[in-house]
Amino acid sequence: MARVIVDVSLKPEILDPQGRAVQGALGRLGLAGVTDVRQGKQFVIEIDGTVDRAKLEELAGNLLSNPVIENYSITIEQA
Amino acid sequence: MSIDNIANAVATPDHPQPYRDLGVKDDEYQRIRDILGRRPTSSELAMYSVMWSEHCSYKSSKVHLAQFGDKKPQTDAMLVGIGENAGVVDIGNDWAVTFKIESHNHPSYVEPYQGAATGVGGIVRDIMSMGARPVAVMDPLRFGPLDAPDTRRVLPGVIAGVGGYGNCLGLPNIGGEVVFDPTYLGNPLVNALCVGTMKHADIHLAKASGIGNRVILYGARTGGDGIGGVSVLASETFDADGPAKRPSVQVGDPFMEKLLIECTLEVLHAGLVEGIQDLGGAGISCATSELASNGTGGMQVWLDRVPLRDATLSPEEILMSESQERMCAIVPPEHVEEFMAICRKWDVIATDIGVVTDTGRLVIEWHGETIVDVPPRTVAHDGPVYQRPYHRPAWQDALQADAPTAERLPRPQTASELHELVLRMTAAPNLASKSWVTDQYDRYVQGNTVMAQPEDSGMVRVDEESGLGVAVATDCNARVAKLDPYHGARFALAEAYRNVAVSGAKPLAVTNCLNFGSPEDPEVMWQFAEAVRGLADGCLELGTPVTGGNVSFYNQTGDVAILPTPVVGVLGVIDDVDRRTPMAWAEDGDLIYVLGDTADDFAGSEWAHEVHGHLGGLPRPVDLAKERVLGEILLAGSRDGMFNAAHDVSDGGIMQSLVEMALRSNVGARIWVPRDMDPFVFMYSESATRAIVVVPRDEESRFTAMCGARGFTAERVGVVDSQLDTDAIAASTEDSSNGSEPAQLLQLDNVHGETIRWSVDELRAAHLRTLPAVLNA
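If you're matching them up, the sequences are chains U and F in order.
Under my numbering, residues 1 to 79 are what the first sequence spells out, in order.
Under my numbering, residues 80 to 856 are what the second sequence spells out, in order.
FYI, nobody ran anything at the bench for these hints, they're computed from the structure.
Don't be surprised by glycine CBs; every beta carbon is placed ideally from N, CA and C.
Misleading hints may appear alongside valid ones.
[What the hints assert, rightly or not] In silico EDC-like cross-links for lysine to aspartate or glutamate, where the CA-CA straight-line distance does not exceed 20 Å:
{"id": "1", "chain 1": "U", "residue 1": "K11", "chain 2": "F", "residue 2": "E396"}
{"id": "2", "chain 1": "F", "residue 1": "K104", "chain 2": "F", "residue 2": "D93"}
{"id": "3", "chain 1": "F", "residue 1": "K585", "chain 2": "F", "residue 2": "D169"}
{"id": "4", "chain 1": "F", "residue 1": "K150", "chain 2": "F", "residue 2": "D616"}
{"id": "5", "chain 1": "U", "residue 1": "K11", "chain 2": "F", "residue 2": "D389"}
{"id": "6", "chain 1": "F", "residue 1": "K705", "chain 2": "F", "residue 2": "E620"}
[Said to hold, decoys possible] Examples of chain F residues toward chain U, derived with CB under 7 Å:
{"id": "7", "residue": "E190"}
{"id": "8", "residue": "V328"}
{"id": "9", "residue": "V330"}
{"id": "10", "residue": "D332"}
{"id": "11", "residue": "L697"}
Sequences are here, hints too, so could you generate the full structure?
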């Protein structure tokens, strides 16, 4: 068993309107000193047996993320 | 990091510069050196490269586009002509309207959602920088075959992007087109049109005059998105090996744009602004050089004051960034405080980045060092102009000789074949219902939409008291343009003109989006030159001036160019939108007339494309003098209450128009093939300059007298009938038992001595199923 975690976030140069909106709200709700917020999404994938890293990279780069505007990172936790 | 300032450029004249990587040709680079009398700094090179790109400088198209001005028809309606952000047209009652189309083809192929979304955002900013409030958008779209895998990647993203951005802005999307053709597979066309309205006094221009006036950048912060996008994305062809090149694309924020619209209109109406310009392609480079070039002629800018999203950006990148939702205003010093207060109110960041000078130079500083010192005209307006070679393609004659005659393409012979054909054509991707697309757009937000897809034109009310409104239609049969670019452009113009007139609006002005392959290919260049000549001649003949537009070149994959696609948008005015003519017929007993002459015209037709995959022949040239008469009849008939409905006849011929009218109203009709006419030709020929009108019986004599007086053919071909004898069909279908409401039928008589019938329900099922069957799969 392995647990694969794929984190997907917008590339740093890409505008993140949702992050901006959250940043504004954090300030309004009393959290001082917030200079930037970037948001993303996380996939948690449970896999039986061994992990095909190459296949995983391919799918993370083409299916789970939009390679034009997003980066991804993969973390594998062996059970 | 050392900055390449002017002193450094003077001191190191032989420093090699990567101009070729920026798309600057050897002779262009030499010209920059000649203008400056030294080598450009890296920042200057960035500015020249982006402003002299095809996309910004129109260097290949300029010599041809001049015809739109040279052949301009005499009209009092034009308040602002070509060359500004968008042309402005007088529609009466002190109201003016501005409208324009732009392309966002390449970005939408790379990243469909954001590409299409920022296409909408860009054209909306163009409209508001004229001082107008954007009131509606439209999107003419073209994709590869519906069932191609890449279409399923691109199309849903584009539609979601158009809808997402426009819906968030609260702008109704009132029409456009969705067309499929294999040549668009690696190169979809995403064109965006916006219409804005204003009072005459509110018209504003992009110029920086008044020495001492401040240059204020407002809107979103500048980030690293789309750097060089304008030159790289818009001017280079996609290689066949596809996704390897992934330039950073722009991401839009429609909520920011909404604030920008309100903020901009408030500062304009408060009279605080001398000149204004949106930041689109080429960003700050474009805005500062164009404003300076159009105005007093000098400007000093402190680039380090530009608020950044990413502090590591270099000055070259800041100059080229295409970050969205930014504007630049020229504000007299005494108004700066009030301007800033309004921006604060709307939560819009505004920064004083410069001042108007009388030096005749655009000087840009970066932390105390001068990095740009150029004559602004040389950047903005005096770019290179190319007389690209062009010639008629060798294959053009063979293409035109391959006419779709009855011998060349087998035609349906029997009533039963024609019955089948109607169901097939109704479901053909190019003729099928586009509600899968348009249902994702908000068509009625703001409450002023009077007509939207699938009507012939989109119509919005401008003045609530009088009901004054405008109608806009965009059209282009690119297959006809391929067969004959000159006549194809006139065809597109005629169709858009007719679509406006058919809804009861008087056509006033034209915008265009000319989508073509590579201008470096002489055969493509010929198509372009012919199309521009045809459109300019056509506008002169119809009396509708071109108010502006956009050219998109390099639409090709490898060596294969798209069909030449000169999309034409026509805007018309209607005194009272309550008097519009809808496309749905309603009243039993109303008479169905075909206006215009039907001949054996199948070159470039939807039938030849759909059934035979054939493109060939020489389309009969459209007679624009006749088109104008048809327009007069449609307008006069509408004004005098002679029509209960009307619909343009174009793609898919009379039959497709009748089917659409029956579906729109859910009421049947009895149609007969005129004597001496071949049923198939009657049904599917695509002769131009025709429309269907629905005339109440008591208006018939007045109507026929009007057509007779103008020498225009009007032939009665049917009658609206919701009570057609349903027995025949009831007996043959299983669900005849639940019949409280009579089934609505479309009946066609005199088909080789037989009668054919379709239920409106089966036509609707065929019409609706095509797009969902592929796109929801």
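Hints and how they fare:
no. : hint              : result
1   : U:K11 <-> F:E396  : holds, 17 Å
2   : F:K104 <-> F:D93  : holds, 17 Å
3   : F:K585 <-> F:D169 : holds, 12 Å
4   : F:K150 <-> F:D616 : holds, 7 Å
5   : U:K11 <-> F:D389  : holds, 12 Å
6   : F:K705 <-> F:E620 : holds, 10 Å
7   : E190              : holds, 4 Å
8   : V328              : holds, 6 Å
9   : V330              : holds, 4 Å
10  : D332              : holds, 4 Å
11  : L697              : violated, 43 Å
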